[in-house]
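Trainee: Sequence lines, in order, name chains A and B.
Each step along the first sequence adds one to the number in full-length UniProt numbering, with nothing skipped, and position 139 is 139.
Each step along the second sequence adds one to the number in full-length UniProt numbering, with nothing skipped, and position 55 is 55.
Worth flagging that the hints you see were computed from the coordinates, not collected in a lab.
Don't take every hint at face value.
[Claimed, not checked] To be clear about the criterion: a stretch of chain A counts as covered by chain B if any three or more of its residues have a C-beta under 8 Å from a C-beta of chain B, and this derived list gives those stretches:
#	segment
1	35-49
2	53-64
3	75-89
[Said to hold, decoys possible] Using 27 Å as the maximum straight-line C-alpha spacing, the simulated DSSO-like pairs for lysine-lysine come out as follows:
#	chain 1	residue 1	chain 2	residue 2
4	A	Lys146	B	Lys483
5	B	Lys483	B	Lys438
6	B	Lys412	A	Lys146
7	B	Lys483	B	Lys412
8	A	Lys213	A	Lys158
9	B	Lys211	A	Lys158
10	B	Lys155	B	Lys72
11	B	Lys471	B	Lys278
12	B	Lys278	A	Lys21
13	A	Lys146	B	Lys155
14	A	Lys213	A	Lys136
15	B	Lys278	A	Lys129
16	B	Lys211	A	Lys129
17	A	Lys158	B	Lys412
[Stated by the list, open to error] Not close to chain A: a few residues of chain B, all C-beta gaps over 12 Å, as computed:
#	residue
18	Asp39
19	Gly52
20	Asp70
21	Asp405
22	Tyr420
23	Asp442
24	Leu444
25	Cys447
26	Leu470
If you're wondering where the values come from, they're calculated on a predicted model, not measured in any experiment.
Even for Gly, the Cβ is constructed at its ideal location relative to N, Cα and C.
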Amino acid sequence: MSQFLEISGLNARIDADGQEKQILRGVDLSIPPGEVHVIMGPNGSGKSTLSYVLAGREDYEVTAGSVLFKGQDLLAMAPEERAAAGLFLAFQSPVELPGVNNANFLRTAVNAVRRARGQEELDAVAFLKLAREAAKTLSMAPDMLKRNVNVGFSGGEKKRNEVLQMTLLQPSFAILDETDSGLDVDALRVVAEGVNRLRAPTFSALVITHHQKLLDYLVPDRIHVMARGRIILSGGPELARQIDQEGYAKFLSEAA
Amino acid sequence: MPVATETKEAVEKLGQSTYKWGFETDIEMDLAPKGLNEDIIRLISSRKEEPGWMLEWRLAAFRTWQSMEDPKWAKVSYPPIDYQDIHYYAAPRSKAGPKSLDEVDPALLKTYEKLGIPLHEQALLAGVEPGEGERLPVAVDAVFDSVSVATTFRKTLAEAGVIFCPISEAIREHPDLVRRYLGSVVPAGDNFYSALNSAVFTDGSFVYVPKGVRCPMELSTYFRINARNTGQFERTLIVVEEGASVSYLEGCTAPMRDENQLHAAVVELVAMDDASIKYSTVQNWYPGDEEGRGGIYNFVTKRGACRGARSKISWTQVETGSAITWKYPSCILQGEGSVGEFYSVAVTNNCQQADTGTKMIHLGRNTRSTIIAKTISAGRSDSTYRGLVRVQPKASGARNFTQCDSLLIGDKCGAHTVPYIECRNMAARVEHEATTSKISEDQLFYCRQRGLSEEDAVGLIVNGFCRDVLKELPMEFAVEAQKLLQISLEGSVG
Chain A
1 MSQFLEISGL NARIDADGQE KQILRGVDLS IPPGEVHVIM GPNGSGKSTL SYVLAGREDY
61 EVTAGSVLFK GQDLLAMAPE ERAAAGLFLA FQSPVELPGV NNANFLRTAV NAVRRARGQE
121 ELDAVAFLKL AREAAKTLSM APDMLKRNVN VGFSGGEKKR NEVLQMTLLQ PSFAILDETD
181 SGLDVDALRV VAEGVNRLRA PTFSALVITH HQKLLDYLVP DRIHVMARGR IILSGGPELA
241 RQIDQEGYAK FLSEAA
Chain B
1 MPVATETKEA VEKLGQSTYK WGFETDIEMD LAPKGLNEDI IRLISSRKEE PGWMLEWRLA
61 AFRTWQSMED PKWAKVSYPP IDYQDIHYYA APRSKAGPKS LDEVDPALLK TYEKLGIPLH
121 EQALLAGVEP GEGERLPVAV DAVFDSVSVA TTFRKTLAEA GVIFCPISEA IREHPDLVRR
181 YLGSVVPAGD NFYSALNSAV FTDGSFVYVP KGVRCPMELS TYFRINARNT GQFERTLIVV
241 EEGASVSYLE GCTAPMRDEN QLHAAVVELV AMDDASIKYS TVQNWYPGDE EGRGGIYNFV
301 TKRGACRGAR SKISWTQVET GSAITWKYPS CILQGEGSVG EFYSVAVTNN CQQADTGTKM
361 IHLGRNTRST IIAKTISAGR SDSTYRGLVR VQPKASGARN FTQCDSLLIG DKCGAHTVPY
421 IECRNMAARV EHEATTSKIS EDQLFYCRQR GLSEEDAVGL IVNGFCRDVL KELPMEFAVE
481 AQKLLQISLE GSVG
């Protein structure tokens, strides 16, 4: 079977205050189906940019390289087409949507994706049942479905809400951008369990994190270290523990 | 003289996404010559078989109008209107007035079907009782150009003692009521357009709810401008007696035309002790094309008088149409403890201009008012909230809360807030909050990452922004209003 996600020579830049800033400088990364890969790396190395470029944020200009997702040219697709194809991004800073009911938002999203995938749409009753069950397994307060999307949510609640969306949207490829940052141990476990529940031979994930803690719950297959816009080192789960103990400095100087 | 040039198919070719309601009905029209003079007013009055006092009232209004000039203070611009180049009377040609739906011109009924007006509510007519929270029956008084065509549910209403009929009929059948209240809230000479309307109004609705009666159903009027170069000057009068209540909805559409059409309505509401009136408007008059050609000039005077103690008048409006909107539904809070509310969503796109808001005039003690105005501007449009809160010296304990929020889509549109606050009583409390924001790229991307198309995302965000107002609409119309918001903003992003 061909690779599930195949990133080759990816270069991307952003126009920041009139200045072109090159952020990704030749990212190569392959993720086979069924695997959870982790990207670690110092701040500003391009981890979040990579997640945005994969999800289709238009502020970034891809200047070279390609991304194949299940054999399709991912970069040619609109963000909503990528979502329909199974890509999900758990945001580092989930966005607030004032006045938009969380359950309504979730149902609209789920049905948009189901429609695009040729599945039958869920009616309000069926959806609410599903959403309530999912919220319960994530130890979310029942009123979170009734509140406005992310408005007035604590940091932890926002992250749980991302995992709830992921659970309901049933992606085949999830990117978690520092979903563990700022979470206490219990919340961390909830997030990890949310990902673990999705694990299947047809599901892969790319987890961006700074901390070993999440990886204790989320046993990854591969660890990649990113610096200055490219992957400089890849290895097994032990690499994460090594970084946790020794920091990035050693790897950065070796790679330079 | 048949007035029909476009066919439905021709309009459909233009695409649903532009203006869904832009078809013209091919029916025989009885059209007065263009121009405005005393003879035309006499003609209107005689066609309506009006009593002499009504004609005198119209003529007095006409003389007042002749001495007035159109207002220039609103933040809207348009070429001068030639008031002599307008037909002031256009009526579908039929024999006598229709007695029932069966007698109504089938072409006309087809038009209403296209509009989705539930004229045929057979199940409900057959007496199906709605369960709690289910859609309540709606009585429709449809105004086609100048003549009210068919009024449904009149029998059920009559049993409850509620009068709901075309105002022209009320002038003939209930002259005492009409004479007592017509012009008592909006005097003929109140402003240029109210004077014009008083002189030439051709139809509209009359509602009278007697003491202690809760009107058993939502009342609804659908206005539609069909003929070319006709002004539509409808007149609505709603009187609700002590302890009674009514909920009234008007919806508006018009065919697409290159030239502008004038619409100058007057709506008067009167609420006695403990009475309540809820007046909801969903206005989607043709807004003109993307370059600003055509569209309706909507110059409307709406005012409610809370005459009785603890009376309540609530205006809810969703305004997405018209090339120009000039409209300030207001409340005169005279009765002690009376309550005025104004909930508004105004959407402008392309080249539309809207100058809209409200006036809350606190006269009585402990009167309260709430203003929630949401303005959404897209394209090259311009939108202004203009509101007056006036507290008179005797209005001790008066309270007002005003919140004006503007949402901008794109960078070529404008939003303006012009609140006037005049407080002449030290024991009153007046609050004003205002915000202006843009739909952020972050919000759009977040929604699209979850699978929503860009337009669905904008619709969702805009509906969220308007939620405080939309929730005030009667259930069955809230859904329609949400769809309308989305249609109005199609093509406004990207």
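Trainee: Under the criterion that the straight-line Cα-Cα distance not exceed 27 Å, is the pair A/Lys213, A/Lys136 satisfied?
Mentor: holds (24 Å)
Trainee: Holds or violated: B/Lys278 with A/Lys21, Cα cutoff 27 Å?
Mentor: violated (57 Å)
Trainee: Is the Cβ of B/Tyr420 farther than 12 Å from every Cβ of chain A?
Mentor: The assertion about B/Tyr420 holds, with a minimum of 27 Å to chain A.
Trainee: Does A/Lys213 pair with A/Lys158 here, judged by a C-alpha cut-off of 27 Å?
Mentor: The hint holds at about 19 Å.
Trainee: Would you check whether the claim that B/Leu470 is not at the interface survives, using Cβ distances to chain A and the 12 Å cut-off?
Mentor: Violated: least Cβ distance 9 Å, not greater than 12 Å.
Trainee: With the threshold set at 27 Å, check whether the alpha-carbon distance from B/Lys211 to A/Lys129 stays at or below it.
Mentor: violated (46 Å)
Trainee: Is it correct that the beta-carbon of B/Asp39 has no partner in chain A closer than or equal to 12 Å?
Mentor: Holds: least Cβ distance 54 Å, greater than 12 Å.
Trainee: Holds or violated: are the alpha carbons of B/Lys412 and A/Lys146 at most 27 Å from each other?
Mentor: Not OK: B/Lys412 and A/Lys146 at ~35 Å, beyond 27 Å, violated.
Trainee: Verify this for me: three or more residues of the segment 53-64 of chain A with a beta carbon less than 8 Å from a beta carbon of chain B.
Mentor: holds (count 5)
Trainee: Would you check the hint for B/Lys483 and B/Lys438, treating anything up to 27 Å between C-alpha atoms as holding?
Mentor: holds (21 Å)
Trainee: Establish whether the coverage given for the segment 75-89 of chain A by chain B is satisfied; the threshold is a Cβ-Cβ distance below 8 Å, and no fewer than three residues must meet it.
Mentor: holds (count 8)
Trainee: Would you check the hint for A/Lys146 and B/Lys483, treating anything up to 27 Å between C-alpha atoms as holding?
Mentor: holds (22 Å)
Violated hints, listed in ascending order, are 1, 6, 9, 10, 12, 13, 15, 16, 17, 21, 23, 24, 25, 26; each of the other numbered hints is respected by the structure.
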